[in-house]
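Colleague: Letter by letter, the chains look like this.
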Amino acid sequence: MDAITVTNLVKRYPHTLAVDDISFTLPQGGVLGLLGGNGAGKTTTISMLLGLLVPTSGQITVLGHDIARDRFKALERMNFSSPYIALPARLSVEENLRVYGHLYNVPNLRRRIAELTGQFHLGALLARPAGELSAGQKTRVALAKSLINKPDLLLLDEPTASLDPDTGDYVRTMLEAYRAETNAAILLASHNMAEVERLCDTVLMLKAGKIVDQGTPDALIARYGREDLEQVFLDIARREEP
Amino acid sequence: MKTSLRRIWAMIYRHLAVYRRSWPRVAEIAYWPTLNLLIWGFTASYIAHLRGAPGVQTGGALIAGVLLWEITLRGQLGVTLGFLEEIWSRNLGHIFVSPLRPAELLAALLSVSLLRTLAGLFPATIIAYLLYHYNILLLGPVLLLFFVNLLFMGWWIALGIVSLLFRYGAGAEALAWTIAFGITPVACVYYPASALPVWLQPVAMALPAAHVFAGMRAGLFQHAADWPDLASACALNLAWMLLAIVVFSAEFRRARIRGALISIGE
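For the protein sequence lines, the chains are E and U, in the order given.
Heads up, the first sequence stops at 242 in full-length UniProt numbering, and the numbers go up one at a time, no gaps.
Heads up, the second sequence stops at 266 in full-length UniProt numbering, and the numbers go up one at a time, no gaps.
If we strip away everything but chain U, and leave its shape as in the complex, we get (with noise of 0.2 angstroms):
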């Protein structure tokens, strides 16, 4: 099977020009992660205010936390919504006739999704500067580390929406809005996984995000990496975008038995 740059690059290119004539679209990529960071900052700099040092080391936490959870958001939203955008056109139809492969439309919803995150993650990092005095760069290069796994998560968590859209139509719609942040509570952006209860744990640590934030808590804390919980954040991401990739491949083709590429939006 050859892949091409040309039709990723269509797909890139297709998408682009949406945001290109709609600033309600750019406006929205940088939204949710601005007000997240307005408000946990807030929370940040009143914790800092009121515990003094320790709280200063906290509220750090609390808002390197938040920018770093918004990867994960924005990632799964990026790829998800590029995807929803076809069904929404009705343009599927013509998408699955073209000689795009199912791997090419992934590769270039990933990179759109990828500059959505950068694009909306951006204008958040200033602000967390400006106003909080809170640089996240200054994790060091460990920070490469943390994007790229949380990023991952974001997207394998969209290949399963994906999958789920696939299954059950344009009905299944709200899980895109709804299932990373739901995870959102056992992925230990602020607390470790030891602040669960006992029976809640191994699900925590079965997601890479739990274990990038202890990572981060550590770099944080006792400016040290936390190698062992960041080899496992590669690890499970690894296991989990494998799993989505077999689930998305057994979903297309099912749905391609069933018709439902030519009706997934009625």
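Next up, chain E with everything else stripped away, as it sits in the complex (with noise of 0.2 angstroms):
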């Protein structure tokens, strides 16, 4: 069964044409990585997957649900991270993690959030509150967060943004392993375009809300007769279209 099937998907504001009828599919154990400037529909494409905005036009299942009709099934067994929202900065971490164990009903929560402090090195930060950490701790406790429930899909926007590159490697590295251990699909929007090419299987090129190109990343690369991922990017972004 896919993890995500998004079916003529469409999102338009009164003045934007946010995602303009894309559709694709991300099969269990897969990663597929969305990659666009800003304002080509990244954002709006993980909303809507999430059921945070509801689509103008289309159809999105994930995990063998309906969004539309039926997104909290799904819900509880996906979860997300991102740097552009934050966890309550009065709460410690572990006070954190707590909540969100509670709200996504993990079994034997001590020892899950025991786990998590061990994978991302969060001992002696588990009593500091989340709004005095750095910038890369604040990254590995949303992380952590994002792993409390062992989603079945993970979706991460900017996962190793303000890291630096050792702890950047160290948590790419967690995310291969989570993937290998639990056969989770993982859906990423980044703008590292190493990262890309090392984590995902497959990748969208999205500009102005539309799928331009995709394939694996060596096919891209292969393709457009380049050396990396970003000088692909590079040249979709600055193409003229039609």
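If you are wondering where the hints come from, they were derived from the structure by calculation, not from laboratory data.
The reader is advised that the hints may include incorrect statements.
[As the list claims (entries may be wrong)] The calculated lysine to any residue pairs, modelled on SDA-like cross-linking and capped at a C-alpha distance of 20 angstroms, are:
| id | chain 1 | residue 1 | chain 2 | residue 2 |
| --- | --- | --- | --- | --- |
| 1 | E | 150 | E | 109 |
| 2 | E | 73 | U | 253 |
| 3 | E | 73 | E | 1 |
| 4 | E | 73 | U | 256 |
| 5 | E | 73 | U | 102 |
| 6 | E | 210 | E | 240 |
| 7 | E | 73 | U | 103 |
| 8 | E | 150 | E | 65 |
| 9 | E | 73 | U | 5 |
| 10 | E | 210 | E | 21 |
| 11 | E | 207 | E | 224 |
| 12 | E | 207 | E | 23 |
| 13 | E | 207 | E | 239 |
| 14 | E | 210 | E | 56 |
| 15 | E | 73 | U | 95 |
| 16 | E | 207 | E | 37 |
| 17 | E | 150 | U | 6 |
| 18 | E | 73 | U | 99 |
| 19 | E | 210 | E | 13 |
| 20 | E | 210 | E | 8 |
| 21 | E | 207 | E | 197 |
| 22 | E | 73 | E | 61 |
| 23 | E | 150 | E | 182 |
| 24 | E | 150 | E | 77 |
| 25 | E | 150 | E | 106 |
| 26 | E | 73 | U | 6 |
| 27 | E | 73 | U | 3 |
| 28 | E | 210 | E | 15 |
| 29 | E | 73 | U | 101 |
| 30 | E | 150 | E | 119 |
| 31 | E | 150 | U | 99 |
| 32 | E | 150 | E | 111 |
| 33 | E | 210 | E | 12 |
| 34 | E | 210 | E | 38 |
| 35 | E | 150 | E | 114 |
| 36 | E | 73 | U | 4 |
| 37 | E | 150 | U | 95 |
| 38 | E | 210 | E | 24 |
Could you use the hints to bring the two separately framed chains together as a complex?
Modeller: Here it is as structure tokens:
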């Protein structure tokens, strides 16, 4: 079964066509990258997948559930992380993880928090208010929160933004390990092309709300005759569309 | 749709944790009820001193009015501040992509509001007894009906304000602090609706508070429960609450269409 099936998805605002008739699938266990410049429609697409935003038309099925009619069933089995959405600053890291553990009805929550604390090296941070953490520490906590319910589908918006190269590499390794261990599907929006090349099986190139190209990172690089995905991204971003 | 007590508890715990580590927030809960009580309590004492026995009765009504109206004010603020807390901490995005249902979020906010209201009124009630020898519990079991009705009124006002926050974003934040206070003149806390201009009386009579305070004065002055007024308060509260839920649901749905849940704090 596919983790995500999107069919003819459109989101139209009064003065903008944010997402223009896109369709794609993400198989269970796969990693899909959404690439595109600012305003390409990545965040809008993710917001519709999460049920935060109602599409103008089209259909979204997540983990077998129609998001329009049954989004809470899907939300129980997925999770999300973005550096642009914060966790309550006055709560300690442990309190934040506990709140989200309860929200996702995590069994044996104490043990799960201990596991995540070990995986993300959060031991020294647990008692500290989330608002007092550095940007990198916040990102690690947000990722721990996003794995609290062992999701079958993980949506990540810029998962390693603000992380130093060493920590960023550690997080990518964690995500690879999580995928290998659980067969979870991951949808990733990122501007870090090396990260996308490393993690993603398939990449969707978005521009002005449309999918303008797609394929494996290697296939895209070969098709554009470039050396890496960053050059492909620049080719597409600077290309005049008809 | 399956309601989860654990998810409701998660959100109650989230707010209690904030209070646990912030003594200014705890102090704020009791600050305004106590301050209002002190101002009106001394006013009541002065009136009693000037006018003798009738003044004592009027003073008692003033103190009871202050304490009871604080139920509505604190009840409303408890809900709207809880919601604003999520906006201020930019956490709404996480909450609304979790399995938490809007009804569960509301249940948690109402529970926190109830706790805040009780915690805010407790010191004021004790001070009223110690400083002014006024024991509001002497109103008897009918006090519970007053409490429930006034708290309900605070809650539906809060739901209306949260709906406006969905529609206008954090820019509507000032409404959280002003709307319930703005209603005070027509809530008839300290005087009967007949004291208002004729054209304003229907507005007062459409509010449960005017009926509750009529009942309070009947209890204090005639030592009798005013059941028709209390029944009117209950019916009006149910009607307003139903309307507030419909508006809240419509604005929540509209916010999901407009993308306001993503940008509400901006």
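Colleague: Look at each hint and say if it fits the structure.
Modeller: Going down the list of hints, with the structure as the test:
With a C-alpha separation of about 12 angstroms, the suggested pairing of residue 150 of chain E with residue 109 of chain E holds against the 20 angstroms cut-off. Taking the CA atoms of residue 73 of chain E and residue 253 of chain U, the gap is near 18 angstroms; set against the 20 angstroms cutoff, the hint holds. A C-alpha spacing of about 16 angstroms is found between residue 73 of chain E and residue 1 of chain E, which places the hinted pair at or below 20 angstroms, so the restraint holds. As the CA atoms of residue 73 of chain E and residue 256 of chain U are separated by approximately 18 angstroms, the hinted pair is consistent with the 20 angstroms bound.
A threshold of 20 angstroms between alpha carbons decides the hint, and for residue 73 of chain E with residue 102 of chain U the separation of about 14 angstroms falls inside it, so the pair holds. For the given pair, residue 210 of chain E sits about 14 angstroms from residue 240 of chain E by alpha-carbon distance, which is consistent with the 20 angstroms threshold. Pair hint residue 73 of chain E plus residue 103 of chain U holds up; C-alpha atoms about 16 angstroms apart against a cutoff of 20 angstroms. The straight-line distance between the Cα atoms of residue 150 of chain E and residue 65 of chain E is roughly 18 angstroms, inside the 20 angstroms bound, and the hint therefore holds.
For the proposed pair residue 73 of chain E and residue 5 of chain U, the alpha carbon gap of about 17 angstroms is at most 20 angstroms, so the pair holds. A hinted pair counts as satisfied when its Cα atoms are at most 20 angstroms apart, and residue 210 of chain E with residue 21 of chain E qualifies at roughly 7 angstroms. Distance check on the hinted pair: residue 207 of chain E and residue 224 of chain E sit about 16 angstroms apart at the alpha-carbon level, within 20 angstroms; holds. For the hint linking residue 207 of chain E to residue 23 of chain E, the alpha-carbon distance of about 14 angstroms falls within 20 angstroms, and the restraint holds.
With a C-alpha separation of about 10 angstroms, the suggested pairing of residue 207 of chain E with residue 239 of chain E holds against the 20 angstroms cut-off. For the proposed pair residue 210 of chain E and residue 56 of chain E, the alpha carbon gap of about 15 angstroms is at most 20 angstroms, so the pair holds. Annotation: proposed proximity of residue 73 of chain E to residue 95 of chain U holds, straight-line Cα distance about 15 angstroms (limit 20 angstroms). At most 20 angstroms may separate the alpha-carbon atoms for a hinted pair to count; residue 207 of chain E and residue 37 of chain E meet this at roughly 7 angstroms.
At most 20 angstroms may separate the alpha-carbon atoms for a hinted pair to count; residue 150 of chain E and residue 6 of chain U meet this at roughly 18 angstroms. Annotation: proposed proximity of residue 73 of chain E to residue 99 of chain U holds, straight-line Cα distance about 8 angstroms (limit 20 angstroms). Distance restraint check for residue 210 of chain E and residue 13 of chain E: the Cα-Cα separation of roughly 15 angstroms lies within the 20 angstroms cut-off, and the hinted pair is therefore satisfied. With a C-alpha separation of about 11 angstroms, the suggested pairing of residue 210 of chain E with residue 8 of chain E holds against the 20 angstroms cut-off.
The hinted pair formed by residue 207 of chain E and residue 197 of chain E meets the criterion: a straight-line CA distance of about 19 angstroms does not exceed 20 angstroms. A hinted pair counts as satisfied when its Cα atoms are at most 20 angstroms apart, and residue 73 of chain E with residue 61 of chain E qualifies at roughly 11 angstroms. In summary, the hint linking residue 150 of chain E to residue 182 of chain E is supported, as the alpha carbons are separated by about 8 angstroms, within the 20 angstroms threshold. For the proposed pair residue 150 of chain E and residue 77 of chain E, the alpha carbon gap of about 8 angstroms is at most 20 angstroms, so the pair holds.
With a CA separation close to 9 angstroms, the supplied pair residue 150 of chain E and residue 106 of chain E stays within the 20 angstroms bound. Distance hint between residue 73 of chain E and residue 6 of chain U is fulfilled; the C-alpha atoms sit about 16 angstroms from each other, no more than 20 angstroms. About 12 angstroms separates the Cα atoms of residue 73 of chain E and residue 3 of chain U, which keeps this hinted pair within 20 angstroms; it holds. Taking the CA atoms of residue 210 of chain E and residue 15 of chain E, the gap is about 17 angstroms. The hint holds against a cut of 20 angstroms.
About 11 angstroms separates the Cα atoms of residue 73 of chain E and residue 101 of chain U, which keeps this hinted pair within 20 angstroms; it holds. For the given pair, residue 150 of chain E sits about 13 angstroms from residue 119 of chain E by alpha-carbon distance, which is consistent with the 20 angstroms threshold. Taking the CA atoms of residue 150 of chain E and residue 99 of chain U, the gap is near 14 angstroms; set against the 20 angstroms cutoff, the hint holds. Restraint check for residue 150 of chain E and residue 111 of chain E: the C-alpha separation of about 13 angstroms stays at or below 20 angstroms, so the hint holds.
Our distance criterion of 20 angstroms between C-alpha atoms is met by residue 210 of chain E and residue 12 of chain E, whose separation comes to about 12 angstroms. As the CA atoms of residue 210 of chain E and residue 38 of chain E are separated by approximately 13 angstroms, the hinted pair is consistent with the 20 angstroms bound. Between residue 150 of chain E and residue 114 of chain E the CA atoms are separated by roughly 14 angstroms; this keeps the pair inside 20 angstroms, and the hint holds. With a CA separation close to 13 angstroms, the supplied pair residue 73 of chain E and residue 4 of chain U stays within the 20 angstroms bound.
Only pairs whose Cα atoms come within 20 angstroms are accepted, and residue 150 of chain E paired with residue 95 of chain U is accepted, the gap being roughly 17 angstroms. Note on residue 210 of chain E and residue 24 of chain E: the hinted pairing holds, with a Cα-Cα distance of about 11 angstroms set against a maximum of 20 angstroms.
Checked against the numbered hints listed earlier, the structure breaks none of them; every hint is satisfied.
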